[in-house]
Amino acid sequence: TQLLEQSPQFLSIQEGENLTVYCNSSSVFSSLQWYRQEPGEGPVLLVTVVTGGEVKKLKRLTFQFGDARKDSSLHITAAQPGDTGLYLCGGTSYGKLTFGQGTILTVHP
Amino acid sequence: SAVISQKPSRDICQRGTSLTIQCQVDSQVTMMFWYRQQPGQSLTLIATANQGSEATYESGFVIDKFPISRPNLTFSTLTVSNMSPEDSSIYLCSGGNQETQYFGPGTRLLVL
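Chains as they are written, first to last, in the numbering used here: chain C, 15 to 123; chain R, 9 to 120.
Take the hints with a grain of salt, since some may be wrong.
What the hints assert, rightly or not - Below, in silico cross-link-like pairs of lysine-lysine (DSS-like), each with a Cα-Cα straight-line distance of 25 Å or less:
(1) C:Lys-110 to C:Lys-70
(2) C:Lys-110 to R:Lys-73
(3) R:Lys-15 to R:Lys-73
(4) C:Lys-110 to R:Lys-15
(5) C:Lys-73 to C:Lys-110
(6) C:Lys-70 to C:Lys-84
Said to hold, decoys possible - Label-pair distances were calculated between CB atoms; the ranges are:
(7) R:Glu-66 to C:Asn-38: 15 to 25 Å
(8) C:Gly-54 to R:Phe-69: 18 to 28 Å
(9) R:Pro-79 to C:Ser-21: 37 to 47 Å
Stated by the list, open to error - A few chain C positions that, by computed beta-carbon distances, are all more than 10 Å from chain R:
(10) Glu-31
(11) Asn-32
(12) Leu-33
(13) Tyr-49
(14) Leu-59
(15) Arg-74
(16) Gln-78
(17) Lys-84
(18) His-89
(19) Gly-96
(20) Leu-111
(21) Gln-115
Hints in this document: simulated from the structure, not taken from any laboratory. The beta-carbon is built from N, C-alpha and C at its ideal position, and this holds for glycine as well.
Pulled out of the complex, with its shape left as it was, chain C reads as follows (with noise of 0.2 Å):
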């Protein structure tokens, strides 16, 4: 069984402060992907990192594939109170998707 271990759990900031989110495995995954999710509705896929080492940015958010394939992490740079919400990372193995616990994000004005 493959486990995708996500931190932190919660997290509580201010705006314009930045953040970091982590998913760590043992296992290699052949892509993974970051979704966010608000509540009432389904996760909204963010991005999707395939190339160990692979770095991507979307708007203030940018993130990084472990070059081994195992790891991931999410960067927001200055955050909003837009931002609020739930961040899945989800690792990719023969189609099927593993979930890390989630990490939920708050953003106070």
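Once you've looked at the hints, dock chain R against the given chain C.
Showing chain R alone in chain C's frame:
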């Protein structure tokens, strides 16, 4: 990308009854899955919906309790059978390819 819709969006059901949730994708996808999620928590995979054949269930989930159909590449159903209050949860379907999955908005189920 793929846009996924689910019906119903929410329901309140009596214990002992069954509910069928429908999932429609706006384009053909290779893979479809069903998940369960408690509010604010991560997703647990129930099963992989296979087109034209029996679904593949994860440990702890069985076909008698969660029968799944997938008659074509864009549609699937999940039935929650003989419901109990412990089945109260959010049920989500996803569709995509080997690398990426897109999710529906979820079905919020409350069993009384």
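Checked hints:
{"no.": "1", "hint": "C:Lys-110 to C:Lys-70", "verdict": "holds, 22 Å"}
{"no.": "2", "hint": "C:Lys-110 to R:Lys-73", "verdict": "holds, 21 Å"}
{"no.": "3", "hint": "R:Lys-15 to R:Lys-73", "verdict": "holds, 19 Å"}
{"no.": "4", "hint": "C:Lys-110 to R:Lys-15", "verdict": "holds, 23 Å"}
{"no.": "5", "hint": "C:Lys-73 to C:Lys-110", "verdict": "violated, 28 Å"}
{"no.": "6", "hint": "C:Lys-70 to C:Lys-84", "verdict": "holds, 16 Å"}
{"no.": "7", "hint": "R:Glu-66 to C:Asn-38: 15 to 25 Å", "verdict": "holds, 22 Å"}
{"no.": "8", "hint": "C:Gly-54 to R:Phe-69: 18 to 28 Å", "verdict": "holds, 25 Å"}
{"no.": "9", "hint": "R:Pro-79 to C:Ser-21: 37 to 47 Å", "verdict": "holds, 41 Å"}
{"no.": "10", "hint": "Glu-31", "verdict": "holds, 22 Å"}
{"no.": "11", "hint": "Asn-32", "verdict": "holds, 24 Å"}
{"no.": "12", "hint": "Leu-33", "verdict": "holds, 18 Å"}
{"no.": "13", "hint": "Tyr-49", "verdict": "violated, 7 Å"}
{"no.": "14", "hint": "Leu-59", "verdict": "violated, 6 Å"}
{"no.": "15", "hint": "Arg-74", "verdict": "holds, 22 Å"}
{"no.": "16", "hint": "Gln-78", "verdict": "holds, 17 Å"}
{"no.": "17", "hint": "Lys-84", "verdict": "holds, 17 Å"}
{"no.": "18", "hint": "His-89", "verdict": "holds, 21 Å"}
{"no.": "19", "hint": "Gly-96", "verdict": "holds, 18 Å"}
{"no.": "20", "hint": "Leu-111", "verdict": "violated, 6 Å"}
{"no.": "21", "hint": "Gln-115", "verdict": "violated, 5 Å"}
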